[in-house]
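Participant: Letter by letter, the chains look like this.
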Amino acid sequence: MREIEWFFPESLDEVPPLLAKRGVIPHGGGTGILRVKALRGRSHGSGGGPEAGGVRGLIDLGRLPLRQFERLGDRVEIGPSLTFAEVAERFERDHILARALGGCASTPLRNRITIGGSVALFPAWSDLMGPLIALEADVSLIAAERGTFPLSRYVSEPGLRRGTLVTGVSFRDQAWSSFYYRDVRTRFDYSAFTVTILLKKGVGKVLDARIVVIGCKGKFRRLHELEEQVKGAPAGGAGALSYPPLSFTGKKFMSPEYLAHCARVELERGLEALLRE
Amino acid sequence: MRGAFIVNGARLEACFHSADTLLTLLRREGHTEVKEGCREGLCGACVVLLEGKLVNSCQVLAASTAGKHITTVSGIGSLHDPHPIQSALVEAGAVQCGFCSPGMVLAAYALLSANSNPGEDEIRQAIDGNFCRCTGYVKIVEAVKLAARRMRAHE
Numbered sequence: 001m002r003e004i005e006w007f008f009p010e011s012l013d014e015v016p017p018l019l020a021k022r023g024v025i026p027h028g029g030g031t032g033i034l035r036v037k038a039l040r041g042r043s044h045g046s047g048g049g050p051e052a053g054g055v056r057g058l059i060d061l062g063r064l065p066l067r068q069f070e071r072l073g074d075r076v077e078i079g080p081s082l083t084f085a086e087v088a089e090r091f092e093r094d095h096i097l098a099r100a101l102g103g104c105a106s107t108p109l110r111n112r113i114t115i116g117g118s119v120a121l122f123p124a125w126s127d128l129m130g131p132l133i134a135l136e137a138d139v140s141l142i143a144a145e146r147g148t149f150p151l152s153r154y155v156s157e158p159g160l161r162r163g164t165l166v167t168g169v170s171f172r173d174q175a176w177s178s179f180y181y182r183d184v185r186t187r188f189d190y191s192a193f194t195v196t197i198l199l200k201k202g203v204g205k206v207l208d209a210r211i212v213v214i215g216c217k218g219k220f221r222r223l224h225e226l227e228e229q230v231k232g233a234p235a236g237g238a239g240a241l242s243y244p245p246l247s248f249t250g251k252k253f254m255s256p257e258y259l260a261h262c263a264r265v266e267l268e269r270g271l272e273a274l275l276r277e
Numbered sequence: 001m002r003g004a005f006i007v008n009g010a011r012l013e014a015c016f017h018s019a020d021t022l023l024t025l026l027r028r029e030g031h032t033e034v035k036e037g038c039r040e041g042l043c044g045a046c047v048v049l050l051e052g053k054l055v056n057s058c059q060v061l062a063a064s065t066a067g068k069h070i071t072t073v074s075g076i077g078s079l080h081d082p083h084p085i086q087s088a089l090v091e092a093g094a095v096q097c098g099f100c101s102p103g104m105v106l107a108a109y110a111l112l113s114a115n116s117n118p119g120e121d122e123i124r125q126a127i128d129g130n131f132c133r134c135t136g137y138v139k140i141v142e143a144v145k146l147a148a149r150r151m152r153a154h155e
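As given, the protein sequences belong to chains A and B, one line each in that order.
Heads up: the first sequence at position 148 corresponds to 148 in the numbering used here, and the numbers run straight through without jumps.
Heads up: the second sequence at position 47 corresponds to 47 in the numbering used here, and the numbers run straight through without jumps.
Looking at chain A on its own, in the form it has when it is part of the complex (with noise of 0.2 Å):
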């Protein structure tokens, strides 16, 4: 069987002509890797060959600077090795990322999962990417494409993220009343759909809204028109809104119908409990 190659650059100037080989991929230490065909061959010791999943090589991220945390201003970039449990655990308890990232999976799980892992490869289960989206996010890319872009062109547009190392999440960290909703049977399961809600009130009335659903068809949905309906509605209720209609795809033991009324209803006691806040 053929080995994987591993690379171990120590500073970003490496990663470029590593990635440009063929089937060559980074790897932060998080456990999106191990989803890998070739890989679960191996650790299942089936005894499935590398060639299985075309991965070739990998890149160990755990000796580049990834690891900032920096607040300039009122903007916050995050490093994409930070772990869930760690970005979690720098927010302060009510702030939608310690919500999304400190409830969810488990906490060895939480204590890997990484922030450019996550975002590189934005599983449908994802409970980063709803909040990301929602603040709006760039996400700043070295190798084939350089340069910091919009998350929500980063995740439409297949070109951005071939080739290319998330070296970093931004966001503008503004003060957002927030709700956070995981679709999951137990706590620690992967979730078949999030409902992710800002809100930004002034006296009586709402400033700003963002909505996003996430594991829905198309991966996920920003709601720009429940936003405008919400946003200028005065705080109190949310009894008059009109609710686009959400598509998704069935899972077991769920139908594209039944998930697409949990996510209304989520949105529903989501709007309402903020707006009445």
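Don't take every hint at face value.
[Said to hold, decoys possible] For lysine to aspartate or glutamate, the following EDC-like pairs were computed, each having C-alpha atoms within a straight-line distance of at most 16 Å: (1) A:21 - A:60; (2) B:68 - B:51; (3) A:251 - A:183; (4) B:68 - A:89; (5) A:252 - A:183; (6) B:53 - A:86; (7) A:200 - A:136; (8) B:53 - A:89; (9) A:251 - A:189.
[What the hints assert, rightly or not] Label pairs and their computed distance ranges (CB to CB): (10) A:157 - B:124: 36 to 46 Å; (11) A:217 - B:124: 50 to 60 Å; (12) B:116 - A:158: 48 to 58 Å; (13) B:117 - A:185: 43 to 53 Å; (14) B:6 - A:11: 23 to 33 Å; (15) B:93 - A:157: 53 to 63 Å; (16) B:117 - A:90: 20 to 30 Å; (17) A:258 - B:136: 25 to 35 Å; (18) A:257 - B:90: 47 to 57 Å.
Since the hints were derived computationally from the structure, they do not count as laboratory data.
All C-beta atoms in this analysis are idealised placements derived from N, C-alpha and C, irrespective of residue type, glycine included.
Following the hints, position chain B against chain A.
Facilitator: Showing chain B alone in chain A's frame:
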């Protein structure tokens, strides 16, 4: 591949496949106190402390841990010199089949190293990645509280 690791304070040099998990490596090198359960990162039977952080060793690639400090349950106590958490588990009746116990001990150890006086919610969160199919967790939570009291008393 070849790599050196610090396991329970001792240097371990080992040969391993480039895609081996830390669980595979540790068990092959004789650390069978690290239990092999689901291999999916769900059950917590295989947890170890990696640089002091509780992790599922089945979800960690061995190559990425070369040179790092790894602690298994054998690194914090033994049959003849048990850690207060291990004694508390026995006294509270929190050990039945015992398969989850190494992981439970390490999860409790990680918690009590950071928080010497945890509340019940904090204890339950700390062991949320460790399945026990015998006890129903009540005795385990009681054992962690007992261990916390004893460890605070000896501080």
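Participant: For which of the previously enumerated hints does the structure constitute a violation, in increasing order of number?
Facilitator: 4, 11 and 13
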